[in-house]
Amino acid sequence: MSIGLFTNSFFIAIMDDMKKKEDMKKEIYFKNLALQAQAGDEASYRELLLKIAEKLRPYLLKHTFNKDNAEDILQEVLLGIFKGLHTYNPRYSFFTWSFAICRYKMIDYIRKYQKISENEIKNDEYIETFAASNTKILDDDFNEDLQQALDNLPERQRQIVLMLKVNDYSVKEVAKELKISVANVKTTAHRAYKALRENLEKDS
Amino acid sequence: MKQIETNFLIYDLAKQGMKKTRVSMFKFIFTTVCLSSIFIAFYLLNVELRFNLDYLWSYTSIITMFDMQLVGLSITAVLGSYLAYQLSMPGQDEKVSFKVLNLVFYMIWLSLIVSISIFAYQEYLVGPDVHFSLHCVERALIGISVPIVLLAYFVRKGYVLKVYQTLILVSLTAFSFANFINLFVCPELSMQHILFSHYAVILPIILVLAIFVKLLKK
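These protein sequence lines map, in sequence, to chains A and B. In terms of this note's numbering, the first sequence is residues 1 to 204. In terms of this note's numbering, the second sequence is residues 1 to 218.
Please note: incorrect hints may appear among the correct ones.
[What the hints assert, rightly or not] Which residues of chain A face chain B? A few of them, derived with a C-beta cut under 10 Å, are:
1. Phe30
2. Tyr92
3. Thr187
Think of the hints as simulated: they come from the structure by calculation, not from any bench. None of these values were measured; they are calculated from a predicted model. Just so you know, even glycine gets a beta-carbon here, dropped at the ideal spot from N, CA and C.
Pulled out of the complex, with its shape left as it was, chain B reads as follows (with noise of 0.2 Å):
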């Protein structure tokens, strides 16, 4: 019975079945990366950007925080939106390649938060000076905004399986472009400030859209 029903569900299925395209590869990535980067810098252009930029700039001798957080959030910003896109498509994943890239992306932003917890504890331990501000939060609010907008309306265009995976790896994406604007406006230079105002606040936000995705999925 259960079977002729199946039978039935096909004929009715290839009836509805329309020409439909899937977003390349390029496109997905290039959109993403570059609609976000445009608006992060256009955000940029418009308020003011730190007094001591010039002085991290001219660290060129050794590698500074600022430097690890500039590479590790370019890397992972492009890395995690052909992630998104792969996870976009059934199967992707279990290619060997997806999951050593999935790896890379993650031991990529476990270094950056285990490095700054390193020297955020050694400034604790001098003195806590967590300084956490508002402004920093709303800063990264707006610039996740257009990230992730972008990442979550080509990821729905494919077809997600795996979609908590996703969402968490679209976040740490669209978060990645945000962290950006913190690195050229926040002035401040206790890794407390960076740790708490600047990265811890991706946690709230996944868990609410995780929520947000299990209500939709009722």
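Looking at chain A on its own, in the form it has when it is part of the complex (with noise of 0.2 Å):
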């Protein structure tokens, strides 16, 4: 009974070690990852995006319980991770750097859109508007809120938003017509999304 324990224990210790060894391994193959993309090295850099993107999804999955709203955090921590890397510390862990941001977008985002999503499957007009690529937004009898809504937005959003879903141009047509980069364009659409939807909710 004793030897069986002891065993037991024995194996358990092994495994215990491994992991930790596993997790150093990891550690220090996101540590060199970072600095490289921190010297400005694309490889690199899309090597590790994509690698912690694989390490937050499931979090974010596991947090929010929706794949869309997932993703929508993860970009937003993807964009602040693209900001701030050159504050990234290699004394430091990089999961714990990473992590950070990840849970202050996570409870940013649940903050600001908890009410959105309620909103959002109450008023299916506004879904549809969205959804609808052959939707004409300037309809006389388009709701005014959608409108108005449209109106307050930074010329540059309103710009991309209608070329997006009025003109259906692709991100890249978006791209090339005003002369800015695709990730600009997502990242400009975004914003003028949250902004929408964000006015859409004040007006309701």
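Make the complex out of the two chains shown on their own, each in a separate frame, by following the hints.
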């Protein structure tokens, strides 16, 4: 009996040790990628973002219970990592650093859009407005609130939303037309949708 | 579909990634403290210092409110700069050392305000003597200008997640620098005056900055 217990605890200790070594390896791997990304290496940057997205996705899914929301937050987190990578200090864990951004963005997102998600279910017409590709936004009977919300957007945001949703441009086409990067179009569109949601929520 | 969008975003961000270095802690604190101190020293050299300064300095056997303010403001100015640097890096505020120092920072401020308030209340019981002075407010605003710009500049070089926490910390730190001016220029000994003209002015400053940040975020 005691020999059995001993071997059991012995194996548990070995497993723990192996897990620790594995975590250490991963940590060093991420640290190196982060350092290379800080130095401006595109491949390392891409790999770092892809790997950290893989790591964060299950965590976000677990806390949001919604694939779309999890992806939205993940995109925000990736943008956060992109904006703040230069502040990462290799003396500390990269996971701690990125999870701090992730946690903050998740709380921020939940706080901001808790009510909006309820609102979106109630107001089907808004969903239709965004979902239908052939929607004519400037129709006479179009909801005034949405028109007003669109008018309240900054010029560039409104332009991108209209190009994407009314003129059916692809993201690449918008980027080409406006002579900006695809990422810029995506982030501007993302912000515009957020602002629209916020405005619509206020109006409702 | 969204996952594909995320992958596109990753590829685009990686393309845009460029070398960008962070400001070192030494540079952050040293530049902020030195430039703010130089600015305040320069200001003090160009104005008339309080006539009763010698009288306050001569109190060596007991701790006066003047000494308390001097020590408290010096500590919060340096400590606040350090904490602002830490807050400009994600994850640093979760460290125990940060939490302890943050607590120390706010405790010093709180103890300063509470002790001044107690003395002011005692004075008030004897007779109200607020003597609110716009000159003191003006001096505080002049004093806060350089440190707050420096701190905001360096903090923005980092990546701030907790915007409002950083705003309060940066405002109080800059105000610590600014209050040195009133400490050496304003001759008033009334604690009611010190409380309302030297310290209460920070509240509208924080409020205005918070509204400004809120508008900026929109």
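* To do: Enumerate the violated hints, using their earlier numbering and listing them in ascending order.
  => As far as the earlier hints go, only 1 is violated by this structure.
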